[in-house]
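Chains as they are written, first to last, in UniProt numbering: chain D, 1 to 280; chain Y, 1 to 627; chain U, 1 to 213; chain L, 1 to 228.
Be aware that a few hints might be false.
According to the in silico footprint, chain D covers these stretches of chain Y (three or more CB under 8 Å from chain D) [said to hold, decoys possible]: (1) 205 to 219; (2) 505 to 516; (3) 552 to 558.
Sample of chain L residues facing chain D (criterion: CB under 7 Å; computed from the structure) [to be verified]: (4) Thr111; (5) Tyr196; (6) Ala209.
Calculated from the structure, these hints are not laboratory results.
Virtual Cβ for every residue (Gly too), placed ideally from N, Cα, C.
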Amino acid sequence: MTDTAVHQTEDPPAPEPPGWKRPEVRSIALIWLVLTIVGECLVWIPSWLMGPSASTQMDDIKQTMTLFTAMSAPVAAVIWAIMIYSVARWRYTGDEPPEDDAPDFRTNSPVVLLWSILSGVLTLVVFIWGMLKIAAIPAAGGLAALPAGAMPPMVVEVTGNQWVWNFTYPELGNIQSDVLYLPLDRTTLFDVTSADVIHSFWIVEMGVKVDATPGQLTKTDVVPHSIGSFDVRCAELCGLLHAAMETQAKVVTQEEFDAWAQDKGAEVPIEPAAQEEGGA
Amino acid sequence: MRRLNIITAIVFGLIGTIAAHYLATIIFVMPVLEGDAEAPSGLVWLLENRIAFTTMFGWVVGFMIGIGAFSGPVRWVLGKDLTDEEALFLAGKDQGIGRYFRFTTDHKVVGIQYLVITMVLLGVGGTLAMLIRTNLMTPDSAFLGPTTYNTLVGMHGIIMIVATIIMITGPFGNFILPIMIGARDMAFPRLNALSFWLIASVVPVLLSVPFIGGMPTGWTAYNPLADQAPIGMDGFAFTIIVFAISSAVAGANITTTAVKMRTRGMTWTRTPIFVFGVVASVGLAIPAFPTFMAAQVLSGLDRGVGTTFYDASGGGSGWLYANLFWLMGHPEVYVILIPALAALLELTPVFTRRPLFSFKAAVVAISGIVGLSILVWAHHMYISGWAPKLGGPFMLTTEIISIPTGLLFLVFIGTMWRGRIWTRLPMMAVYAMLWNFVIGGITGVYLSDIPADEAMHGSMFVTAHFHYTLMGAALTGTMGALVYWFPKMTGRMFDERLGKWGFWIAQVGFNVTFLGMFMVGFAGQPRRVFNYSEVFATGNFISTMGAYTIGIGMLIFMYVVISSWSRGAIASSNPWKAKTLEWQVPTPVPLENFDVLPIITSDPYGYGRPSPDLAATDQAPKEGASL
Amino acid sequence: MTMTTEVHLHHDDPDTVGSRERFGVALLIVADIAFVFSLVFTYTYLRFLNTDGAWMPEGMVAAAPGETWLVTGAMILGLVVFALGARDLKAGKQPKFRRAAWIALVLSIIALVLQIQQMRNFNFSLGEKGYFAGTYSSSMMTLAGANAFHLTLTAIITLGMANRARLGKYNEPTSWQPRLATYWWLWVTISAVVVGLMTTFLVASPSLPSMGT
Amino acid sequence: MRRFMIRAFFLVVTIAIGVGFVVGAGVLLAQPAPAVQVAEVRGTVQTPQGELPHAFLKLESYPDSMQGFHGPDGGAHPDWVTFGPQTALQVPAHSLVTITVLQHDGGEVITNDYFAKVHGTVDGVAQLNGEPFTQIPPDTVGHTWTLHGIPSPDQDQVFVSVPLQAANEEVVGENGYPVPNEVTFSFYTGDPGLYYWNCEFPCGDGTYANFGGAMSAEGYMAGTFTVL
């Protein structure tokens, strides 16, 4: 590039019309539009594949997936549209290289600039969205803020063992369980650790995921908002039966939860104040 | 020195193996036996690993002695430097096919050696992929069983990582790059041979892993899980250590060559973009891989010496391993990706008959990616609980990478814009890459954002994402680069009629495979599971069918490589009418490439100029030169 | 399959080769810096983390820094002698360089012996199963081992230098070769000083022995 | 045409060799079908869930692995503990399963005392040499038998974990192993499905956690549990 002045465009016959009026630009815009519309029609797929949501933070996650998919459709469409058009329009087939070369223009600074600015803006949007959502996604940025007037969080100690999860409820007289029982609409605080190797505690439908690391305590929390039975899996390869290191998280009403806790032999009765509030 | 070749290397290697094994047994075990009647089991475990490490060390040292890698340093210490005649012998003069089996210093020989070992590794890795997908075809398959399955997942990972790291910088960085910049050889020819033979010596160690207990940990070999793996884990750690040394040596060599040996007149703005890509890759590997090596050294010490770096009860932490690993782990994906993209950037102008669109943007993009890639490692640890407060900053650095990556896309489509797009197989690789890498790149943005990563981390979504980048972009680019440079490297044309079929079948299969994997990833299937819940059955079945399609496509492609190499049409010296220097020298390329070094007066992308007098060399291109 | 058999080797002039080799050696040193950095990171990170309070379990005594500085001192001395020798060589004083190289060799071997002696003297109790007690002892042993490895390479390089100087291989135009070795000497000495400062002044963990982030 | 035929032939040969290579590797690495211990059904039993078939299984745990079926990981290891006679178990669906384990091996302190307790059995108890118990001291655990699975919408959650009291290693029986403790427990099965069980006492290789070796190889301290 040293010895060549930067030729913007140098088509011989006539000065070109401004970029947006050229026929190829219009055709590409059309292809782009079609691809974008097709893409936008498919944005529900990730969220649909992710299945039901059992917590507000899973709602946020699914919203994020949908938003990103919606944002990426036009971006992908730009590149594919130009590629498809170029290949279809300017294709040359033959065994020998074409006699005449294509026009010798080296760059187009406005386009490069516009392209960089646009990708910068998109990046910023994605980043700001992520920062806003971090507050609600506790594993990444510390614990989520409690909603006003909520009950104090219930602590569950989660221990990953090679290929079995177990859960201890320290406030309920250290009752223990292999299935994670959670009361509906109550903040649950997870203290996660591991007895052996690194596991990753994952309640799929609640969007809860945090590593269980031996010798460390990692924390996360969740407010389950749907009754039902959900999947707890391990998301970090932990040896032989990693695939079978799964159990269930059952979200039940506070009454059912209390009954279950009594049945398990909870020594400390659940304080009545909390019960009233939880029952509401 | 003249008698040493691969056979002596293997013989010496075996002697070294046996000798080291016996010595280790005597040195480490005898004192224990003399002491107590029964050694505690923990000590027995340490001794087993210690012996395993020593034995592998014996193999590599023996092999390297046998191939002649140490004769240079020993002669240097003794002050007996090589004579010209000996140097020419080492460069492989008049040795025919035998020079490929020796410690040959000629960069073209090393390039071909790298090409072959890359293809062998890709073949083995691909075979393992087929077995993995076969096991995952049905939810409750008992085909491989958990131990073997986990080992094969790790082996597939590390073999493919090694193969893809060397697949561009090894064959093309060695064969093509020096000619491209107008050099007679690499800066350090003997280091060049050393880097190749180190890999060659350690590949048998890596491939033996499944047979000495396996490494059921995945290629990341996270500690403390790796601590309880059988001695196959020692084979992995040892391989990484040797491979890191080889990378450092190759990186220093290629970088020095590109920086210091460009011919007269080849300023940085006249240097082909491929050179930037290769230098970015190997230059990035130089600081990155030693941390991986350190992670494995500490792992080996934990297993064999009894330190407690990763042992939580002894004050260690798995987070230490994760940090050291990902300090290398993220730059490493760009080590793989950038040179492949740069190879495609190099061939796009040739097949569009247009100058590269915005050369500066391409250079800025490559440097930007390199610079940022060392600041993003912790995005692999968003949910590890390590420093959750750093999530935001790491999210920012990670997402900023999409700006230079986007610029690279612009360079590609800008170069195609209004080109005379000559649709040959190398150019088709560009189309395929643009399709795949858009998907790989966008899914990368999902994973870079913590809210999405929270759900997708550790799931099949991640697997699909990085296969789209490493296979969809990098391996596809390498296939294009291979077809492009095939005439220069082998002297024969690549049979595109059949090659196209192989290429596109593999591409279709590839998209089917990872579409299925995205589906089960969204639905919540964890990575690296040998069995899974019924709900993921459909997506996995689709993936397996896609994988078999890739296998068929790749086999067709492989057949075309072999048949074209042995019986293809003889290639002229510049079949693509390209303007870079490597196409201006005769085919086959003479021993020292250039008799008189060329002088460069402009960059090699001057298509569409009235007088195509670019890349002027003192040496007239010898059209139609043949064997 | 080479085209011509009448190949003669093209030799570049020593200055070009010298600048090339300096660049290459600098890059290899960068790789080693990354490795040593990883070990330094390991030491400081584990010290900060103090998992389970097992950085230095109760009753463990930190290694006395004296021996570390003895080794480092020998290395600094070796570096100075060697660097001055290389400068003399550039000024054309070959015998001076020869002498300096032999002295530096002896110093590097002394440092190596002292280093191994320190590793033997470390008063870290190994349990009955042969494991180190805590990560402080693990790190100290590993850092010392890395330094011993450095010193072994240094001794081999210096031996080559001394021997080649004896054979009269070095003169003014080829004085860049000893300069390459000086780079290496300089780097290993710096790494020993950095590690020495770290292990002298950053010993007891600042974090309480707790289980938590 | 002839050239085309030749090329097609070699192409097919290449693909065949490639496929053959994959198949060969598969055959080399495939897990042989394990010998399955099928539970013996002895009549039916009246339970709160209605009248169910009553199935019986018997397992023994040995301090070495000279007994039983082992996978491709190398057969008998003198230094590996093992369950026997088989680790692939099969029981009928919707039945009461009673398992008897003869614990021949000694033991020490278990990492997580959750597994020193009985979970998931009928009434939450198990019998040790005929005496019912709900937990044992965490420092006398020999092994555990812990059953778990892959929950999915159409598969019932089954979780059973029973600690096996360590045998007294001083008292050696006639087969050369310590005289065993006999642990018996019962639980209900649901719909058909595949589950896995393993030992939770760290009795394998490794410097930390000790879950390597026998613990990390199917056919020794872990196995499948098919409800059919």
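Here's how the hints hold up against the structure:
{"no.": "1", "hint": "205 to 219", "result": "holds (count 3)"}
{"no.": "2", "hint": "505 to 516", "result": "violated (count 0)"}
{"no.": "3", "hint": "552 to 558", "result": "violated (count 0)"}
{"no.": "4", "hint": "Thr111", "result": "holds (5 Å)"}
{"no.": "5", "hint": "Tyr196", "result": "holds (4 Å)"}
{"no.": "6", "hint": "Ala209", "result": "holds (4 Å)"}
Hint compliance for this structure: hints 2 and 3 are not met, and every other hint is.
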